[in-house]
Amino acid sequence: MADKTRDTTTDGGVTADEEITQPLGLPKWVSALLPIVLLVLVLGVFAFTSPLAGVQSGEPLPDVTVTHTTLPSDETVVLHVTNNGPESVTISQVLVDEAYWNFRVEGAGGDQTLAPMESAQIVIPYHWNPGWDLEVALVLSDGATFHNTIVAPSQSPGFSLSLLGTLAVIGLFVGVIPVALGMLWFPYIKTMSDRWLHAVLLFAAGVLGFLAFDAGFEAFELAERVPGAYEGNLLVVFGIFGALLLVQAISAWREGRVAAGDSRASSGLWIAYLVAVGIGLHNLAEGLAIGSSFALGRVSLGAFLVIGFMLHNVTEGPAVVAPVARGERPSLGHFAALGVIAGAPVILGGWIGSLAYSPTIGAFFLAIGVGAILQVDWEIARMVRDAGGRVASATNLLAFLLGLAIMYVTDLFVAL
Amino acid sequence: MPSIDYDSAADVTKRLEERLVESLTGETSVSRRTVLGGLGVAGSAAVGLGSSRASASSDHDDEDEHGNFGAVGEYRDLDFDPHEFLTAFNTGDSGQDNVPQQVYEENGRTVREFEFTAVDTTIAIAPGVEFQAWAYNGQVPGPTIRAVEGDLIRVKFTNLGRHAHTIHPHLKNLNPRMDGIPQNGPGVLDTGESFTYEWIAQPAGTHFYHCHSLPLKEHIHRGLYGTIIVDPDPERVRENPREYVNYPGPITDDFREQLVEEAKSRNHEYAENDAVNEMVMVMNSFDTNFDGGNEVYAANTRAFGYGVGDTDGNGNWTAGETKRPIQINKNQRQRVYLSNATEFDLINSFHTHSQFFDYYDHGTTLTPTNKTVDTIMQCQAQRGIIEIDYSDHEPGLYMFHAHQSEFAELGWMSFFEVV
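Those protein sequences? They're chains L and U, same order as listed. The end of the first sequence is residue 429 by my numbering, with every number in the run present. The end of the second sequence is residue 508 by my numbering, with every number in the run present.
Please note that a few of the clues may not be correct.
Said to hold, decoys possible - Here are the simulated SDA-like pairs of lysine to any residue, each with C-alpha atoms no more than 20 Å apart in a straight line:
{"no.": "1", "chain 1": "U", "residue 1": "Lys306", "chain 2": "L", "residue 2": "Leu54"}
{"no.": "2", "chain 1": "U", "residue 1": "Lys306", "chain 2": "L", "residue 2": "Asp146"}
{"no.": "3", "chain 1": "U", "residue 1": "Lys306", "chain 2": "L", "residue 2": "Trp145"}
{"no.": "4", "chain 1": "U", "residue 1": "Lys419", "chain 2": "U", "residue 2": "Asp478"}
{"no.": "5", "chain 1": "U", "residue 1": "Lys419", "chain 2": "U", "residue 2": "Asp434"}
{"no.": "6", "chain 1": "U", "residue 1": "Lys306", "chain 2": "L", "residue 2": "Pro138"}
{"no.": "7", "chain 1": "U", "residue 1": "Lys306", "chain 2": "L", "residue 2": "Pro166"}
{"no.": "8", "chain 1": "U", "residue 1": "Lys306", "chain 2": "U", "residue 2": "Gly239"}
{"no.": "9", "chain 1": "U", "residue 1": "Lys306", "chain 2": "L", "residue 2": "Glu88"}
{"no.": "10", "chain 1": "U", "residue 1": "Lys306", "chain 2": "L", "residue 2": "Trp391"}
{"no.": "11", "chain 1": "U", "residue 1": "Lys460", "chain 2": "U", "residue 2": "Leu435"}
{"no.": "12", "chain 1": "U", "residue 1": "Lys306", "chain 2": "L", "residue 2": "Leu108"}
{"no.": "13", "chain 1": "U", "residue 1": "Lys306", "chain 2": "U", "residue 2": "Lys419"}
{"no.": "14", "chain 1": "U", "residue 1": "Lys306", "chain 2": "L", "residue 2": "Ala418"}
{"no.": "15", "chain 1": "U", "residue 1": "Lys245", "chain 2": "U", "residue 2": "Asp209"}
{"no.": "16", "chain 1": "U", "residue 1": "Lys306", "chain 2": "L", "residue 2": "Ala112"}
{"no.": "17", "chain 1": "U", "residue 1": "Lys419", "chain 2": "U", "residue 2": "Ala364"}
{"no.": "18", "chain 1": "U", "residue 1": "Lys306", "chain 2": "U", "residue 2": "Asp478"}
{"no.": "19", "chain 1": "U", "residue 1": "Lys306", "chain 2": "L", "residue 2": "Ser101"}
{"no.": "20", "chain 1": "U", "residue 1": "Lys306", "chain 2": "L", "residue 2": "Leu176"}
{"no.": "21", "chain 1": "U", "residue 1": "Lys306", "chain 2": "L", "residue 2": "Asn115"}
{"no.": "22", "chain 1": "U", "residue 1": "Lys460", "chain 2": "U", "residue 2": "Thr280"}
{"no.": "23", "chain 1": "U", "residue 1": "Lys306", "chain 2": "U", "residue 2": "Asp279"}
{"no.": "24", "chain 1": "U", "residue 1": "Lys353", "chain 2": "U", "residue 2": "Thr180"}
Rather than coming from a laboratory, the hints here were simulated on the basis of the structure.
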């Protein structure tokens, strides 16, 4: 190894050895494509000759999921359904509260048959009563039934500018304002000794750690409502690792820049932005939850709930600005950007949640937030270590615990 | 010696009541409370039940002494009095204040005219437990209509509820426009719409009316039902006695007279009718948690409404007592116009303690269809007349209830107090 020097590229990799010989002297691209070509051939033979036709044992079971329901008016119920099974299903009848009721299927190409993975809306003209549960059952052509209970129905708000405005105001109050207020601790944090600054950073890590668990549990809970074919739990796992690795890759790239002598890349501002992005993704998911609750008519945003959200989110402010407490103070523009990145996604999430809600989107966004937050916690620990501090000092551990505890207590006020 | 002494009767009623309310609070306090909180249903239930528990614990000593679970409070909603309802007959001549009515002649026929409305309201079905109901003239069961065979019943109906409603009578109705179903005549009446139904009062008997809008289960079990009593016309009975008996043998003059006398005792326009104490009971039930099963059962809406409260045993009730037995005079003949509006369950039943009675299914005959029985059952919309004689019995409390024990323990448990 040591006898040969190789040029390292900026991403830390090394160039491949040109001299490695190919079998039978074939060009490199042939050996790259050969397995793919053979796979296509085998699949083709399998598809045309059906060698396992006699092996099939019985019919695969039909599986239909009602992902969510909307109630656009008090005369209409809309079920959003997805066929999860391997075979087509035909929705022949619909029962509402154990009575056959008329309906029409929209979005399934004009018929009542759903191909595997196909989604459609079942529109039922039914004069429902607010607050009175509805039990709806889909009767398939083979007599199988799939039940869904609409608990305490209330009218979906539908699309309107005033709804977007309302959600923007809510987002402003529960997201942007608390984060901005929390950031006003910056001058005070700046005057702290290293020891206390590190404690504040670990406090922030505790806040984020709580959010990771909070959002993680919620993501898996929501994943249960994701249609089976989309593998909700694995989607959440993918979202968490995807975000974690993506942010980690950005971070590694930054280190490469630092090594190359880019001074801006070495400042705490980078970490501050990473923290803001992580919190922003979390707040996006929070906004989704608010927006979808609105869409499902499930929200009573009383003063108590808004106050709870504000207390909860105000702790996110210092988490964003603590990394830039040392060194040169960033320009005000950076502060504004940090605040917007961390807080404003509540508004965006609210809009998405109210307009295009689905459990799949909700679970995925929550998972992304978890991954991003986990990476940021990692980053904060390294920041403390790089500054010569000890991550696991008594003060720091207690500060982390305090972060968890404060989030737990303030979370009690936020029961959506 | 009364069949049941007061202490143990009160004890049983309270214990059953406690169990019913416990089961309801259990259901409302989990996730339903958060969901329904905005509607105030669970909220008011929780408040009512909370306060009754507090009062139960305050007289804990008393409980121990008698082995009680403790009272669970009184009905606070005094708009509906199940005791008044028992004998509230609307004949056109006289009736309830909330049922505008008149009687007049038209083309040689007596017309009994009533104004009905359908409204959305809230009713008390157990102490502290409210139910969002749809109701004719604001009450569940709806007003009892009473006419004489051959009269014209004219009902000016206005729908003031948020859902579409009708009135469908279980009478022999010769005009399909008047059948009160979505497919005929005016169809369902939307909010604010009106229609005048006209029905010939026939055949004699006790009948049922209800809303026939869809979904039927919802429209019936929310409270849109009531009783129509058609009194037999003694003159018509004299002319056509065979129409009033399920009996193929010869009709002697004595038998004819006996049927005419029976018809007079059934007809509110005859003095013979005054000798009989007549009561209307509708067996009903309520699904409070939307699971397609009932949480509360009763005769005339209120769980344990005719149960035993606090009494001195001589018919003197503690002021404000809302649950008390039906007091009856032992020397008077008792007649119950019974019908079954219970939804979700296949049948309901009526059982008397220490007593046998005669049952006239649908009330369309003047001789009993079941003689000397102590239990009868009815499917939904089935009805009949029960005739009871307590003249042999000692004064005291006599239980009557559904003999589905489940229904009895969920509220359909009542007492006659014979004095």
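Hint check:
| no. | hint | in the structure |
| --- | --- | --- |
| 1 | U:Lys306 x L:Leu54 | violated (61 Å) |
| 2 | U:Lys306 x L:Asp146 | holds (14 Å) |
| 3 | U:Lys306 x L:Trp145 | holds (13 Å) |
| 4 | U:Lys419 x U:Asp478 | holds (8 Å) |
| 5 | U:Lys419 x U:Asp434 | violated (34 Å) |
| 6 | U:Lys306 x L:Pro138 | holds (17 Å) |
| 7 | U:Lys306 x L:Pro166 | holds (18 Å) |
| 8 | U:Lys306 x U:Gly239 | violated (31 Å) |
| 9 | U:Lys306 x L:Glu88 | holds (18 Å) |
| 10 | U:Lys306 x L:Trp391 | violated (59 Å) |
| 11 | U:Lys460 x U:Leu435 | violated (24 Å) |
| 12 | U:Lys306 x L:Leu108 | holds (13 Å) |
| 13 | U:Lys306 x U:Lys419 | violated (40 Å) |
| 14 | U:Lys306 x L:Ala418 | violated (51 Å) |
| 15 | U:Lys245 x U:Asp209 | holds (18 Å) |
| 16 | U:Lys306 x L:Ala112 | holds (9 Å) |
| 17 | U:Lys419 x U:Ala364 | holds (12 Å) |
| 18 | U:Lys306 x U:Asp478 | violated (36 Å) |
| 19 | U:Lys306 x L:Ser101 | violated (34 Å) |
| 20 | U:Lys306 x L:Leu176 | violated (36 Å) |
| 21 | U:Lys306 x L:Asn115 | holds (16 Å) |
| 22 | U:Lys460 x U:Thr280 | violated (47 Å) |
| 23 | U:Lys306 x U:Asp279 | holds (18 Å) |
| 24 | U:Lys353 x U:Thr180 | holds (16 Å) |
Checked against the numbered hints given earlier, the structure breaks hints 1, 5, 8, 10, 11, 13, 14, 18, 19, 20, 22 and satisfies all the rest.
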